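Chemist: So the sequence lines, in the order shown, correspond to chains U and W. All the letters of the first sequence, read from the start, carry residue numbers 12 to 286 under this note's numbering. All the letters of the second sequence, read from the start, carry residue numbers 260 to 546 under this note's numbering.
For the record, the hints were derived by calculation from the structure and aren't laboratory data. Hints may be right or wrong, so weigh each one.
[As the list claims (entries may be wrong)] Residues on chain W that point at chain U, a partial pick, calculated with CB under 7 Å:
no. : residue
1   : R268
2   : L279
3   : I287
4   : I293
5   : F295
6   : R355
7   : A371
8   : P375
9   : V377
10  : I439
11  : E442
12  : I443
13  : I517
[As the list claims (entries may be wrong)] Which chain W residues face chain U? A few, computed with CB under 7 Å, are given here:
no. : residue
14  : P274
15  : L382
16  : A385
17  : E390
18  : L479
19  : L482
20  : S483
21  : A511
22  : M516
23  : G520
24  : L528
25  : L529
Just so you know, these numbers come straight off a predicted model, no measurement behind them. Here a beta-carbon is modelled for each residue, glycine too, at the ideal position from N, C-alpha and C.
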Amino acid sequence: MSRSRPSRRLAADAELIAVALAFALPLAWVLLSCVDPHPDLKVKVPDGLTFGNFDAVLTPDILYTPLLNSLILCGGATALTVVCAALAAYPLSRFRSRLNRPFLLTILFATSLPITAIMVPVYALFVRVDLIDTPQGTIFFFAASQLPFAIWLMKNFMDGVPKELEEAAWTDGASSLQSLVRIVLPLMGPGLAVVTVFSFVMMWGNFFVPFMLLLTPDQMPASVSINEFFGNRGMVAYGQLAAFSVIYSTPVILLYVLVARRLGGGFALGGAVKG
Amino acid sequence: MRPHRRISRALPVAPALVLLLLFLAGPIAYCVYIAFTDLQLTGQAHSSFVGFANFRRALRDDAFLNAVWLTLVFTVLSSLVGQNTLGLALAALMKRASKPVRTLTGGVVITAWVLPEVVAGFLLYAFFRREGTLNAILHWLHLPRQNWLFTLPILAVSFANVWRGTAFSMLVYSAALDEIPSEITEAAEVDGAGGWRRLWHITLPMIRRSIGTNLMLNTLQTLSVFGLIWVMTRGGPGDKSQTLPLFMYEQAFQNSMIGYGTAVALLLLLVGSLFSVVYLRLLRTEV
Numbered sequence: 012m013s014r015s016r017p018s019r020r021l022a023a024d025a026e027l028i029a030v031a032l033a034f035a036l037p038l039a040w041v042l043l044s045c046v047d048p049h050p051d052l053k054v055k056v057p058d059g060l061t062f063g064n065f066d067a068v069l070t071p072d073i074l075y076t077p078l079l080n081s082l083i084l085c086g087g088a089t090a091l092t093v094v095c096a097a098l099a100a101y102p103l104s105r106f107r108s109r110l111n112r113p114f115l116l117t118i119l120f121a122t123s124l125p126i127t128a129i130m131v132p133v134y135a136l137f138v139r140v141d142l143i144d145t146p147q148g149t150i151f152f153f154a155a156s157q158l159p160f161a162i163w164l165m166k167n168f169m170d171g172v173p174k175e176l177e178e179a180a181w182t183d184g185a186s187s188l189q190s191l192v193r194i195v196l197p198l199m200g201p202g203l204a205v206v207t208v209f210s211f212v213m214m215w216g217n218f219f220v221p222f223m224l225l226l227t228p229d230q231m232p233a234s235v236s237i238n239e240f241f242g243n244r245g246m247v248a249y250g251q252l253a254a255f256s257v258i259y260s261t262p263v264i265l266l267y268v269l270v271a272r273r274l275g276g277g278f279a280l281g282g283a284v285k286g
Numbered sequence: 260m261r262p263h264r265r266i267s268r269a270l271p272v273a274p275a276l277v278l279l280l281l282f283l284a285g286p287i288a289y290c291v292y293i294a295f296t297d298l299q300l301t302g303q304a305h306s307s308f309v310g311f312a313n314f315r316r317a318l319r320d321d322a323f324l325n326a327v328w329l330t331l332v333f334t335v336l337s338s339l340v341g342q343n344t345l346g347l348a349l350a351a352l353m354k355r356a357s358k359p360v361r362t363l364t365g366g367v368v369i370t371a372w373v374l375p376e377v378v379a380g381f382l383l384y385a386f387f388r389r390e391g392t393l394n395a396i397l398h399w400l401h402l403p404r405q406n407w408l409f410t411l412p413i414l415a416v417s418f419a420n421v422w423r424g425t426a427f428s429m430l431v432y433s434a435a436l437d438e439i440p441s442e443i444t445e446a447a448e449v450d451g452a453g454g455w456r457r458l459w460h461i462t463l464p465m466i467r468r469s470i471g472t473n474l475m476l477n478t479l480q481t482l483s484v485f486g487l488i489w490v491m492t493r494g495g496p497g498d499k500s501q502t503l504p505l506f507m508y509e510q511a512f513q514n515s516m517i518g519y520g521t522a523v524a525l526l527l528l529l530v531g532s533l534f535s536v537v538y539l540r541l542l543r544t545e546v
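Next comes chain U alone, as it looks inside the complex (with noise of 0.2 Å):
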């Protein structure tokens, strides 16, 4: 017989700590140095506590414009995303049709696909079409990326709602549109809140979409003009860096506590990516 219970609970709790301590390492340099009046590149204890570094970077050129550019991106895309996600799944999930299989497993198949690999002859396509550097083409782009992921989640939600429901209001005369918005969107909540923050985070973070989409500088996105503390100007300010990184990290990660709560800390991506 192995060792006992408590001991075994110890153990399993000295290594997850030593890992965690590990992980945490890195987040504990940003957090240190974004109040740090002379921060450097190693986690250590800050000789004095200042909030110059957020004062710096609270500006329209480094702080705001950036971030409304990536809410307009992120935010338009996400609402397109949301929208044609719930459309296309609706009749997936209501109705029967020799097409449906085929349908969900090219979108399945394309969940997969390494949408980096696309950019370059997406930027080439852009050119030629007239959409390159401009924020609607990003848009489109983004909602078309996370499309088909959008599609799948928001069917395997929409398969949870009862038909029944919805089979009162047919027989009243609504349209399947109208027993779409008004019975199964309400029904789903926490999935379709799922969907949205979901999406919404994907894009918030992604970096090359707008990176090879966008070319002006004072149309790009917080994820792009990070860079700008680099090279461009010079000497690297990694407090700013640090208070800058801390202000645009901040709405993703509430979003995801948001969600995970409201799904009881249970996460629900892992079942529905096994299908």
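Chain U is already provided as a structure; the job is to place chain W on it using the hints.
Modeler: Chain W only, in chain U's frame:
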């Protein structure tokens, strides 16, 4: 069913279908086309069809073969070995650990995963730099220091990818382990099977489908990593951390050869599709 009814039922799919065809299927088709041309970025009004020249060129190009090799190293190290094993270990340990420790570790690991790609890149850049945290720790332990991003860049970016991507495996495996009935492991324990034997003969066979799906998704994710490596090393020094996505970018833009860059992209897409098909097969056995 009457045809107009069928059409009205399929109508809601139209907006998604249009977006997917125009902005996803379109570019992929265009990718296949320009991979066979000599399209360049500058000084050339139109391109001509060159057949398989771009692909033949790639196979003779040492820089391409180097990128293939580095992509392989990066994927095996960070995804197959790192994220996968560490994710499974964390999930297994969490089943035994006390609740506060479980919450703490989960929180830290998931935060690393939720952070924007570029921020994660900067944090690990700071960690691995010559004057960074890792060397400070090594110095404190009286171990030799190195300029990691210069001497072992592919190792540094692989570790970065493990740091960033392990949470996903951890979540997948936590869900999978929860589905194993505890009677089975307890019975094995009573019969005297030790930890490793239980892992090998009971746990792993019972979660093999999750392992398959997880490996597939990790690999696909890792194949398309760009921002993380770009921020940390720009593929350098020289081309010592230049994986295929970075090689593709360099050929297309620094060297202005869109045709050649796209041929590389097409190869990457083909490898991805292959994994994707295997993934579909795995799912089908499960559904």
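Chemist: Look at each hint and say if it fits the structure.
Modeler: Here is how each hint holds up against the structure:
The criterion of a C-beta within 7 Å of any C-beta in chain U is met by R268 (chain W), whose closest approach is roughly 5 Å, and the hint holds. Residue-level restraint check for L279 (chain W) holds (minimum Cβ-Cβ distance to chain U is 6 Å; threshold 7 Å). For I287 (chain W), the suggested interface contact is upheld, since its CB lies about 6 Å from the closest CB of chain U, less than 7 Å. Because the smallest distance between the Cβ of I293 (chain W) and any Cβ of chain U comes to about 6 Å, under 7 Å, the interface hint for this residue holds.
Proximity of F295 (chain W) to chain U is violated relative to the hint, the smallest CB-CB distance being about 12 Å (cut-off 7 Å). Against a cut-off of 7 Å between C-beta atoms, the interface hint on R355 (chain W) holds, since the closest Cβ of chain U lies about 4 Å away. A distance limit of 7 Å between C-beta atoms decides the matter here; for A371 (chain W) the minimum to chain U is near 6 Å, and the interface restraint holds. Taking 7 Å as the C-beta contact cut-off toward chain U, the hint placing P375 (chain W) at the interface holds, the least distance being around 3 Å.
About 5 Å separates the beta-carbon of V377 (chain W) from the nearest beta-carbon of chain U, less than 7 Å, and the hint is met. Interface hint status for I439 (chain W): violated, as the beta-carbon distance to the closest one in chain U is roughly 15 Å, over 7 Å. For E442 (chain W), the interface hint is violated, the least distance from its beta-carbon to any beta-carbon of chain U being 17 Å, above 7 Å. Taking 7 Å as the C-beta contact cut-off toward chain U, the hint placing I443 (chain W) at the interface is violated, the least distance being around 17 Å.
Taking 7 Å as the C-beta contact cut-off toward chain U, the hint placing I517 (chain W) at the interface holds, the least distance being around 5 Å. The criterion of a C-beta within 7 Å of any C-beta in chain U is met by P274 (chain W), whose closest approach is roughly 5 Å, and the hint holds. Look at L382 (chain W): its Cβ gets to within about 4 Å of chain U, closer than 7 Å, so that hint holds up. For A385 (chain W), the shortest C-beta to C-beta distance to chain U is roughly 5 Å, which falls under 7 Å, so the interface hint holds.
Hint status for E390 (chain W): holds, given a least beta-carbon distance of 5 Å to chain U, under 7 Å. Below 7 Å, beta-carbon pairs count as interface contacts, and L479 (chain W) has one with chain U at about 5 Å; its hint therefore holds. The closest approach between the C-beta of L482 (chain W) and any C-beta of chain U is roughly 5 Å, which is under the 7 Å cut-off, so the hint is satisfied. For S483 (chain W), the suggested interface contact is upheld, since its CB lies about 4 Å from the closest CB of chain U, less than 7 Å.
Taken as an interface hint, A511 (chain W) checks out: its beta carbon lies about 4 Å from the nearest beta carbon of chain U, inside 7 Å. For M516 (chain W), the interface hint is violated, since its Cβ never comes within 7 Å of a Cβ in chain U; the closest pair sits about 10 Å apart. Interface restraint check for G520 (chain W): the shortest CB-CB distance to chain U comes to about 5 Å, inside 7 Å, so the restraint holds. At about 4 Å, the closest approach between the beta carbon of L528 (chain W) and any beta carbon in chain U falls short of 7 Å, and the interface hint on this residue holds.
A cut of 7 Å between beta carbons decides the hint on L529 (chain W): the least distance to chain U is about 9 Å, and the hint is violated.
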